[in-house]
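Undergrad: Read off the chains here:
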Amino acid sequence: GENVEQHPSTLSVQEGDSAVIKCTYSDSASNYFPWYKQELGKGPQLIIDIRSNVGEKKDQRIAVTLNKTAKHFSLHITETQPEDSAVYFCAATPTYKYIFGTGTRLKVLA
Amino acid sequence: GAGVSQSPSNKVTEKGKDVELRCDPISGHTALYWYRQSLGQGLEFLIYFQGNSAPDKSGLPSDRFSAERTGGSVSTLTIQRTQQEDSAVYLCASSSRGKQETQYFGPGTRLLVL
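As given, the protein sequences belong to chains A and B, one line each in that order.
Mapped onto the numbering used here, the consecutive letters of the first sequence carry residue numbers 1 to 110.
Mapped onto the numbering used here, the consecutive letters of the second sequence carry residue numbers 1 to 114.
Don't read these hints as lab results, they were simulated from the structure.
Any given hint could turn out to be false.
Below, simulated DSSO-like cross-link-like pairs (lysine-lysine); rule was C-alpha separation at most 30 Å, straight line [to be verified]:
no.: 1; chain 1: B; residue 1: 15; chain 2: A; residue 2: 42
no.: 2; chain 1: B; residue 1: 15; chain 2: A; residue 2: 107
no.: 3; chain 1: B; residue 1: 99; chain 2: B; residue 2: 57
no.: 4; chain 1: A; residue 1: 57; chain 2: A; residue 2: 71
no.: 5; chain 1: A; residue 1: 68; chain 2: A; residue 2: 37
no.: 6; chain 1: B; residue 1: 17; chain 2: A; residue 2: 22
no.: 7; chain 1: A; residue 1: 37; chain 2: B; residue 2: 17
no.: 8; chain 1: A; residue 1: 42; chain 2: A; residue 2: 97
no.: 9; chain 1: A; residue 1: 57; chain 2: A; residue 2: 22
no.: 10; chain 1: B; residue 1: 99; chain 2: A; residue 2: 71
no.: 11; chain 1: A; residue 1: 68; chain 2: A; residue 2: 22
no.: 12; chain 1: B; residue 1: 11; chain 2: A; residue 2: 97
no.: 13; chain 1: A; residue 1: 68; chain 2: B; residue 2: 17
Model the full structure from these sequences, guided by the hints.
TA: See the structure below:
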């Protein structure tokens, strides 16, 4: 079945540095790839997404890249701030079900 | 507009009791999902509703778990004879159509079974 691997599981960066989280998926039927941010005690919130007809999408300090051939997609956060500290989940969507990655706990050190 | 809402936000119950968790999806969204998230873990799919189609119940962990969606809108997740291992955050999400569309999550219900 579909599987999504997410790395790293934890990531600590200094404020102002960049953070990169990577995911790989197995089912080539996936063509929509959302990223969610989950703060403590809250539900996941969509922060950016990408469809398979584009290779990169950017929204201010956040960008996502997609390599369909290699079945890789990545989240890039530039100029990190303390409020970026959270757990981030990627997902692939071969059907109506999301296949979530296992999450990355990002800590931005002030 | 209003997002996905869930109630209660927190629920403490005793082992063996039944609990009902409620989800109000975004108005007009035909697809509704329930997930379970244990402490510090990822999201475990439980059940999927789409319009009037038969739900996909493949993620329900046991027959103590059931869910309904009335009138294509509000959904209730019921856990009978709760066990301590049922303690988790139960998340609901909705999307406009389901397949490969954005899911919007509610804040979750934190269930603690003593």
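Undergrad: For each hint given before, does the structure comply? Return the numbers of the non-compliant ones in rising order.
TA: 2, 6, 7, 13
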